[in-house]
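There are 2 protein chains.
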Amino acid sequence: RNPEGGPMYGLIGSLKAQAGQREALLAILLENVDTMPGCHSYVVAEDPEDPDVIWVTEVWDSAGSHRASLALPGVRDAITRAKPLIAGFGQHTETRPIGGHGLTIPA
Amino acid sequence: RNPEGGPMYGLIGSLKAQAGQREALLAILLENVDTMPGCHSYVVAEDPEDPDVIWVTEVWDSAGSHRASLALPGVRDAITRAKPLIAGFGQHTETRPIGGHGLTIPA
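These protein sequences, in sequence, are chains A and B.
Per the working numbering, residue 82 is the first one in the first sequence, and the count goes up by one each step.
Per the working numbering, residue 82 is the first one in the second sequence, and the count goes up by one each step.
Simulated from the structure, these hints should not be mistaken for laboratory data.
Just to be clear, a hint being listed does not mean it is correct.
Chain copies aren't distinguished; within one or between two, either way the pair holds.
In silico SDA-like links for lysine to any residue, alpha-carbon gap of 20 Å or less [claimed, not checked]: (1) K97 x P154; (2) K97 x Q172; (3) K97 x M117; (4) K97 x R177; (5) K97 x S143; (6) K97 x R148; (7) K97 x G86; (8) K97 x G180; (9) K97 x L107; (10) K164 x A144; (11) K97 x E130; (12) K97 x A168; (13) K97 x T185; (14) K97 x S146; (15) K97 x D133; (16) K164 x E130; (17) K97 x E175; (18) K97 x I179; (19) K164 x P118; (20) K164 x G145; (21) K164 x P129; (22) K97 x P118; (23) K164 x G94; (24) K164 x S143; (25) K164 x I186; (26) K97 x T174; (27) K97 x L184; (28) K97 x V156.
The structure displayed is predicted, hence computed values, not measured ones.
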């Protein structure tokens with residue numbers, strides 16, 4: 082939830098690293114995970130079958146917080162460095178999280 | 082990570098509720114989220130486009146912990162009550178989480 086009581090915003094996505102670049106890309110994706118306002122959960126994972134694929138699952142207190150995160154200096158810098166390591170994007174599913182465990186929702 | 086230092090285990094899945102039963106199914110899915118040993122993250126979400134679809138994204142300290150959770154009395158009971166409300170299963174993707182925000186990893 083967010084102050085206005087609106088719905089949370091979730092994202093499930095996959096991306097494919099350039100061959101041999103997954104580890105470097107994972108490191109970049111993990112740089113900002115603890116610094117983004119409104120981010121309740123941000124999980125970066127490897128695909129166990131495909132050595133180039135990364136899965137990212139996110140939960141935000143609102144779509145607005147997610148959008149705003151893309152303008153954060155640290156995030157913009159990471160995106161710039163990540164781009165050349167990305168061969169392509171796969172799944173991009175938006176969800177409406179209702180609840181769960183591990184959502185760092187401020188009291 | 083888990084005591085043996087093995088990889089974390091992640092799941093991204095979707096399921097379709099019987100027409101009109103999503104809310105009841107969501108409630109059942111949310112019952113045990115805070116009681117499952119080794120569960121670092123468990124997010125239950127609605128699909129904003131399809132009124133019957135639910136997305137579940139999970140992170141466990143190991144595949145073993147996830148497997149063991151299916152035998153917990155509370156979880157077994159929830160599964161029994163959930164089954165008649167489920168019309169079908171969609172995505173079932175296993176991942177290897179590397180890190181992120183909101184993973185309740187014990188210090």
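Hint by hint, here is what the structure shows:
In this homomeric assembly, K97 and P154 never come within 20 Å of each other (Cα to Cα): the closest approach is 24 Å inside a single copy and 39 Å across copies. For a Cα distance limit of 20 Å, the shortest separation of K97 from Q172 qualifies both inside one copy, at 10 Å, and across copies, at 19 Å. Proximity of K97 to M117 under the C-alpha cut-off of 20 Å is found in neither arrangement, the shortest distances being 23 Å within a copy and 32 Å between copies. Taking the closest pair of Cα atoms, K97 and R177 come within 20 Å of each other only across two copies (15 Å); inside a single copy the shortest separation is 25 Å, beyond that limit.
For a Cα distance limit of 20 Å, the shortest separation of K97 from S143 qualifies neither inside one copy, at 27 Å, nor across copies, at 24 Å. Taking the shortest Cα distances, K97 and R148 never come within 20 Å of each other, neither inside one copy (22 Å) nor across copies (29 Å). Taking the shortest Cα distances, K97 and G86 never come within 20 Å of each other, neither inside one copy (35 Å) nor across copies (26 Å). For the homomeric pair K97 and G180, the shortest alpha-carbon distance between copies (18 Å) is at most 20 Å, but the shortest distance inside one copy (29 Å) is not.
Taking identical chains as interchangeable, the C-alpha atoms of K97 and L107 lie at most 20 Å apart only when both belong to the same chain, with a minimum of 11 Å there against 32 Å between chains. In this homomeric assembly, K164 and A144 never come within 20 Å of each other (Cα to Cα): the closest approach is 23 Å inside a single copy and 32 Å across copies. When the C-alpha separation of K97 and E130 is checked against a cutoff of 20 Å, the pair qualifies only within one copy, where the shortest distance is 12 Å, while the shortest distance between copies is 26 Å. Taking CA atoms no more than 20 Å apart as the test, K97 paired with A168 passes inside one copy only; the shortest distance there is 5 Å, against 32 Å between copies.
Neither within a single protomer nor between protomers do K97 and T185 lie at most 20 Å apart by alpha-carbon distance, with minima of 28 Å and 27 Å respectively. Taking CA atoms no more than 20 Å apart as the test, K97 paired with S146 passes in neither setting, with 25 Å inside one copy and 28 Å between copies. For a Cα distance limit of 20 Å, the shortest separation of K97 from D133 inside one copy, 5 Å, qualifies, whereas the shortest one across copies, 30 Å, does not. Taking the shortest Cα distances, K164 and E130 never come within 20 Å of each other, neither inside one copy (23 Å) nor across copies (29 Å).
Within a single copy, K97 and E175 get their C-alpha atoms as close as 19 Å, and across copies as close as 16 Å, so both meet the 20 Å cut-off. When the C-alpha separation of K97 and I179 is checked against a cutoff of 20 Å, the pair qualifies only between copies, where the shortest distance is 16 Å, while the shortest distance within a copy is 29 Å. In the homo-oligomer, the alpha carbons of K164 and P118 never lie at most 20 Å apart, since the shortest distance is 23 Å inside one protomer and 37 Å across protomers. For a Cα distance limit of 20 Å, the shortest separation of K164 from G145 qualifies neither inside one copy, at 23 Å, nor across copies, at 35 Å.
Within a single copy, K164 and P129 get their C-alpha atoms no closer than 22 Å, and across copies no closer than 29 Å, so neither meets the 20 Å cut-off. Taking CA atoms no more than 20 Å apart as the test, K97 paired with P118 passes in neither setting, with 27 Å inside one copy and 32 Å between copies. For the homomeric pair K164 and G94, the shortest alpha-carbon distance inside one copy (16 Å) is at most 20 Å, but the shortest distance between copies (28 Å) is not. Proximity of K164 and S143 under a CA criterion of 20 Å is satisfied in neither setting, with 25 Å inside one chain copy and 31 Å between copies.
Neither within a single protomer nor between protomers do K164 and I186 lie at most 20 Å apart by alpha-carbon distance, with minima of 31 Å and 30 Å respectively. In the homo-oligomer, the alpha carbons of K97 and T174 lie at most 20 Å apart both inside one protomer (16 Å) and across protomers (15 Å), since each shortest distance falls under that limit. With identical chains, the CA atoms of K97 and L184 are never at most 20 Å apart, being 27 Å at best within one copy and 23 Å at best between copies. Taking identical chains as interchangeable, the C-alpha atoms of K97 and V156 lie at most 20 Å apart only when both belong to the same chain, with a minimum of 19 Å there against 35 Å between chains.
The structure does not agree with the numbered hints 1, 3, 5, 6, 7, 10, 13, 14, 16, 19, 20, 21, 22, 24, 25, 27 stated previously, though it agrees with the rest.
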